[in-house]
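S.K.: Could you build the full structure based on these sequences and the hints that come with them?
Listed below, chain by chain, are the residues.
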Amino acid sequence: MLDIPTIVRSRGLSKTRNSSLLVLIPAYNEEQSVAEVIQGVRETLPETPIVVVDDGSLDGTAHQARQAGAEVIQLPHHLGLGGAVQTGYKFAFEHGFQRVVRVDGDGQHNAADIPALLAKMDEGDYDVVTGSRYIKKNGYSWHPIRRLGGLIFTAVLYPILDQRITDPTSGFVAVNRRALEVCSRSFPLEYPEIETLVVLKRNALRFCEIPARMFPRRRGQSSIGNWGAVYYMFRVLLGVFVNVIKYERRFHTGGSS
Amino acid sequence: MQRIRIATIVFCVLLLIQIVRAVRREHIRVEISMGWFAATVLLLALSLSDRALSWVSGFLGVRDPSFVLLLVAGVLFLSTFFRFSVEVSSLKEQNIVLAQKLGLIEWEVKRQAAEIEKFVRDRLMETRPEGRDTEGTETAEKQQSSAGNEH
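Chain order of the listed sequences is A and B.
Just so you know, we're using our numbering here: the first sequence kicks off at 240 and counts up by one.
Just so you know, we're using our numbering here: the second sequence kicks off at 45 and counts up by one.
For the record, the hints were derived by calculation from the structure and aren't laboratory data.
Part of the chain B face toward chain A, derived, beta carbon under 10 Å:
1. K136
2. E137
3. N139
4. I140
5. A143
6. K145
7. L146
8. G147
9. L148
10. W151
11. R155
Every residue gets a Cβ at the ideal spot worked out from N, C-alpha and C, and that includes glycine.
M.R.: Take a look at the structure:
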């Protein structure tokens, strides 16, 4: 007779356990691009496990990701980018991964730059390394409003972080286990990148940037429209302010901040 | 009695009836309705009692008691809304944690189900009737040949 719990225990079902690196792809309605992104990562890191967190997509994102060979965690409803990314971080932390590289599902990031992120992390003992599209010109011209927004955030963050971050909105990030622990415990729900930097600073983690090539979205539309950009600015500035004065809540674990 | 006070009394009575109906039909939870009950009863008491209204207006240094009524109503309802905003935020946070846990557990369950399915399939392949037939035939052939050798 088959003893199912024994099978589950004895066969060590998690293939991913003890692997050191995980590639995390948060995706929301990215059925047209997610497979290409996975393919790109596979070409650079053939043996690395890839997890796609499907943030309640209404299209075939999860199906496409599975077909492309990734593990897919499907959220029951749309949580927002931060909720999806944090789910991936929690997954990685619980499964013992040492490092996670986050690559967006819209195809804007160049998977070929992942080894450079990891090399920089090893070289300087950094907890977080971000790919910046502004350190070197990469041939793609960004909308002036976006660039202006980036400059404002850079100026606002400089006195808080004690270092200059050229691309605070970049979602092309490598984190180590220390940062993973912090991010799986406390992570902003909306537009997480900038607030995360403040959270990391508050937790005395080290971060830096390296130049990275980024492409325009391959397909689909950005979730931030014109009015959305205005909301984004105020929302993120408020979030940064709150994070600066925030009292670290200790009475519960596992929540977003 | 000033019109504003009459209007406030009518509003408070209607609101109380509405709250009681909502609680009875379980459209609103009892603990949530407490804030509304307290705010409405306090406003009703102020509207009905000249003495209480005069005392509050004297305390606040406001000449017109009807203004006090509006002020108290505004403060009470804003406080109630704020309390609900806090509760909604807390519920949202809990919802996020639950949704994330659900996603992670669902992934784990699916993966384990796939592993179990694979294990069962492998076991079935090992113990398939065809396999036994082959073994059985081989055994019969061996027996026959060994019997032939003996002869």
